[in-house]
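Participant: Chain by chain, the residues:
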Amino acid sequence: MNTGNRAWLAVFALLLLLACGRRADLRPYGEGTDRTAPIFPDYREVTVPGNIAPLNFYYTDPQGSRFVTTFTAAGQSVTIRGRDVVWKEKEWARILATGADMEVSSQYKTPSGPMSFTWTVHVSPDPIDGYLTYRLIEPGFEVWDDLEIVERNLSTFDARPISDWRNTQNKCMNCHIHAQGRGDLSMFYLRGEGGGAILNRDGKLRKLTLKDSTMISATVYGEIHPGGRYGVFSTNVIIPGMHSFGNRRMEVFDTASDLCVADFDGNRMQTFPETARPDVFETFPVFSADGKWVYYCAAPVKNLPAEVEQTMYSLVRRPFDAETGTLGAPADTVWSASERGLSVCHPKASPDGRWLLFTVADYGTFPINHRECDLRMMDLQTGEVLTLDEVNADKSDTYHSWSSNAKWFVFASKRGDGMFGKPWFSHVSEDGSVTKPFLLPQRDPHFYDTMTRSFNVPDLGNASVGFDAAEIGRVWREMPAEVFD
Amino acid sequence: MTGKKGRWILGISLAALLAVAGGSQVFFLARYPYFRKYAAQNGVTLREAREAWGHPDAISEQMMGLAVEASLENWDKVAELASEDRKTLVGTYYYNLANAHRGQLADRLMDYYQPFERGLFLPVGEKSTPFQIGCAGDVWFALGDMSMAERDAMLGMLFSPSHTGSRFLRRLAETNLVTGDYEAASKYLRMLLNARQDRKWAREHLPEAWSPQYAARIEQKRALLPHFDLVHGMDQTQLILRILLNSNPSNRMALDYLLCYDLLTKDLDAFVGDYVPSLTASHLYEEAMLIFLAAKGGMDPENFRHYHISEETLARFNRFVTIYKRDEGSGKNLTEEFGKTYWYYFYYAVRNEHR
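Chains as they are written, first to last, in the numbering used here: chain R, 1 to 485; chain Z, 486 to 840.
In case anyone wonders, no lab produced these hints; they're calculated from the structure. Hints are supplied without guarantee of correctness; some may be wrong.
Claimed, not checked - 16 Å max Cα-Cα, derived EDC-like pairs, lysine to aspartate or glutamate:
#1 Lys207/R x Glu478/R
#2 Lys436/R x Asp101/R
#3 Lys706/Z x Glu558/Z
#4 Lys685/Z x Asp25/R
#5 Lys204/R x Asp468/R
#6 Lys612/Z x Asp145/R
#7 Lys612/Z x Glu142/R
What the hints assert, rightly or not - From the derived model, a few chain Z residues whose C-beta atoms are all more than 10 Å from chain R:
#8 Gln698
#9 Asn733
#10 Pro762
#11 Val835
Beta carbons are placed, not taken as given, at the ideal position from N, Cα and C, and that holds for glycine.
Sequences and hints are given; from them, build the entire structure.
Facilitator: And the structure:
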């Protein structure tokens, strides 16, 4: 090789080095940090559905090198070398299609010697709904900027905004919920001028003003009846506050809250004296799977914020008449806050009618910054409440939703950094046993390292909602809001 | 024109254009160094910064300089930059904060434009600019309220053009280091370790790498933290300061901020309730007490002794009152001699809601 060629080769090598960039610094790592496991996301011993996107991850030990990971399932084997374990999607689909659990061997070198461990990815025969919607929001303490609601295909890494700031002049938007996991029956709110409740029903979008003169606010939390005609909602006067302790952060409480029912066919709002009592807070109403009951949270009114730590919500239900759209009486207390010394929020009935998943916290009604906030699951056949120890972590676990086959649920957890909620999935067996949850996989295993937005209210859907952010922009700009009275 | 000549002309023209463009850039950077630094702290290029914030001018350059130097805790430099009173909220805010770090908040309060309490705590709300929001947490961090400091850093990041920036990530890391929430801090430290300009800072702030000086600083900050929890509104400034003081009565900066807040809002009843003469002193407080005592009929030697009111201040107050009465409330003959007293502020400062 002549001198000129050598020079070119040196320049090429230098350029290659520059192009490769500097290796990511993985510190802090280990006990006391948000990266305690040897891999992130920690997919060891998780159970996944056969239709999930590749579980890409990376090894967290900054001292490690020469990583070799071998996956074996039903006699097939795939080896991936390197710190970042990133699957080729076809290869992942091929090995997942065997339906067999994956046995994984991890080997790498460290300054103190070779390291190796084996683990398993359990593959469930139960599929999960194919779509997940969530709002991406920075923990903004009352304010927002550049909000978007995204629909993610869970079998791939494809994600698209179904409503965003670009098409709505940076309007506030609240989270999108499916009814019974249906892609063709869902809703969310666009707030502010030109906004309203956006109802997606049978491929048609409507913009609704869900408020009448007797209500204390427009509708806030709620759910659509399985039949699609009604929605049950709470109306809330919501006040944000701050804890003086540094890492307890924000506390949100209601100074008033009632329930109402919207008739989407008759454009009618109904309120009821029993659920508009001035001495009781009523919130988070949802329907039972058969639509015959409304579950919600209720607490005696307190002087807030002074008595926020004494505000305890019980789980209550009332009969619902789908012929007339009315809430009946009396109310049954399903789970008593005073007996348990805990406060309930966010009940969600499984679509098969078997389970009721809800959140408990030490007090209050807005537990996303409550570290102690955990999920509980009630067997509606027996009344037994399961503590879901396999699922809960030492940070807030809440905002859950069911897959339409009732075999999976997703929830937002702030485990790790404590600030940014991420979607985790867990499988539910016939007997109510749940599996170690797994984090929503991403194409780039370092995705969550730099993510400074929360995945707010992750909600599963069995089909795509069909609309997109541009269409929502047109609805916002051009469609008059239907009046309810 | 031959081809060769044409190429020469083209080459020279291009070189001239590049020189002008480069020169213009050099000139811009020399004229607005803090614009560049503030853009870097927000993780944006100069072009992105100009798109987001417009072209800088002398006022924005001063404000960005204040924000940059305050983030580095160069309080002498902050004081120097703030010495030119351009009558801006941010200018006053950093003027006050620099003085507070030197124990001179009250003494020098009336020497500068004071837009009521907004010069002590920048408002964070719908009418606030993203720049103001990005600066609002500095005072809370100094006072020891990590909850509010974290909130404002998060909001600052939310409203920064690229929704990130070392300015905010560093503050988020530090607030969590102070509260001992290493899991939260580790997220921000990792992000900073992977940014070229922040790598050194982040390495030094990894808990296992703290210098004795930094460990002492963290301990100092931890000593300011509230010892009990109370839920408060985000705009309940006096309550937040009282929580800090209830936990740590020796937090002199919090006490001065509370007293100055009372005085700038002309809430003399609150001032008298909050004032502890044995813990802090200033001619400003003497002046305020005299208004209160005169109004409540407490002008006696015992009160003067208790509130450390000097004979000189009393004599000046009497002179102020004499002129005030003589001119039937007109301030025209008071401005020169008393324009920088609390008495003048109390009687003549008018809140301008539009600023």
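Participant: Look at each hint and say if it fits the structure.
Facilitator: The hints, checked one at a time:
1. Between Lys207/R and Glu478/R, the direct Cα distance comes to roughly 10 Å. Compliance with the 16 Å bound is thereby established for this hinted pair.
2. The hinted pair formed by Lys436/R and Asp101/R meets the criterion: a straight-line CA distance of about 15 Å does not exceed 16 Å.
3. Restraint check: the Cα-Cα separation between Lys706/Z and Glu558/Z comes to about 14 Å, which is no more than 16 Å; the hinted pair holds.
4. Of the pairs offered as hints, the one joining Lys685/Z and Asp25/R holds, with about 12 Å between alpha carbons and a cut-off of 16 Å not exceeded.
5. Between Lys204/R and Asp468/R the alpha-carbon distance is near 12 Å, which keeps this suggested pair within the 16 Å criterion.
6. Of the pairs offered as hints, the one joining Lys612/Z and Asp145/R holds, with about 14 Å between alpha carbons and a cut-off of 16 Å not exceeded.
7. Between Lys612/Z and Glu142/R the CA atoms are separated by roughly 14 Å; this keeps the pair inside 16 Å, and the hint holds.
8. Annotated as non-interface, Gln698/Z keeps its C-beta farther than 10 Å from every C-beta of chain R; the closest such distance is 21 Å.
9. The beta carbon of Asn733/Z sits about 12 Å from the closest Cβ of chain R, which is more than 10 Å, so the claim that it is off the interface holds.
10. Separation of Pro762/Z from chain R is adequate, the least Cβ-Cβ distance of about 26 Å exceeding the 10 Å criterion.
11. With a least CB separation of 30 Å from chain R, Val835/Z remains clear of the 10 Å interface cut-off, as annotated.
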